[in-house]
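Sequences are here, hints too, so could you generate the full structure?
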Amino acid sequence: MIKITDKYYLDTDSCNYILIEKSIVQKEDSKNYGKETFKNIAYYGTIENLYNGLIEKEIKENVELLNNIEKVIEIKNEILSGDRDDG
Numbered sequence: 516m517i518k519i520t521d522k523y524y525l526d527t528d529s530c531n532y533i534l535i536e537k538s539i540v541q542k543e544d545s546k547n548y549g550k551e552t553f554k555n556i557a558y559y560g561t562i563e564n565l566y567n568g569l570i571e572k573e574i575k576e577n578v579e580l581l582n583n584i585e586k587v588i589e590i591k592n593e594i595l596s597g598d599r600d601d602g
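So the number in my numbering is just where the residue sits in the sequence shown, counting from 1, plus 515.
It should be emphasised that the hints constitute simulated quantities derived from the structure, not laboratory data. Note that the structure is predicted; figures quoted are calculated from it, not measured. Any given hint could turn out to be false.
[Stated by the list, open to error] Derived DEER-like restraints, expressed as beta-carbon distance ranges: (1) Val587 - Lys542: 32 to 40 angstroms; (2) Ile556 - Val587: 18 to 26 angstroms; (3) Glu536 - Thr561: 18 to 26 angstroms; (4) Ile539 - Val587: 21 to 29 angstroms; (5) Lys542 - Asn567: 31 to 39 angstroms; (6) Ser538 - Glu593: 17 to 25 angstroms.
The C-beta atom is built at its ideal place from N, Cα and C for all residues, glycine as well.
This is the structure we're talking about:
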């Protein structure tokens, strides 16, 4: 598994590139409370499609925070450069 950002990772199988999301278990009564979990969230045929999918996902999830097109471009560039801090 390869780290893309603090939140997203990339993995592969014989046919796909897999976008994986890391999260921390928040449910206090869970035996795994506070532990990291990884969830496969999308499968792509090419690495380019994975990165485009990640960019689209980040933009859609953060659309309420985006005030202008410059912010959209900034997020895209951060993801592509690996400089995004999701913490």
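We went through each hint and held it up to the structure:
1. Val587 - Lys542: 32 to 40 angstroms: holds (33 angstroms)
2. Ile556 - Val587: 18 to 26 angstroms: holds (21 angstroms)
3. Glu536 - Thr561: 18 to 26 angstroms: Cβ of Glu536 to Cβ of Thr561: about 20 angstroms, so the range 18 to 26 angstroms holds.
4. Ile539 - Val587: 21 to 29 angstroms: holds (27 angstroms)
5. Lys542 - Asn567: 31 to 39 angstroms: holds (33 angstroms)
6. Ser538 - Glu593: 17 to 25 angstroms: About 20 angstroms separates the Cβ atoms of Ser538 and Glu593, which means 17 to 25 angstroms holds.
Checked against the numbered hints above, the structure violates none of them.
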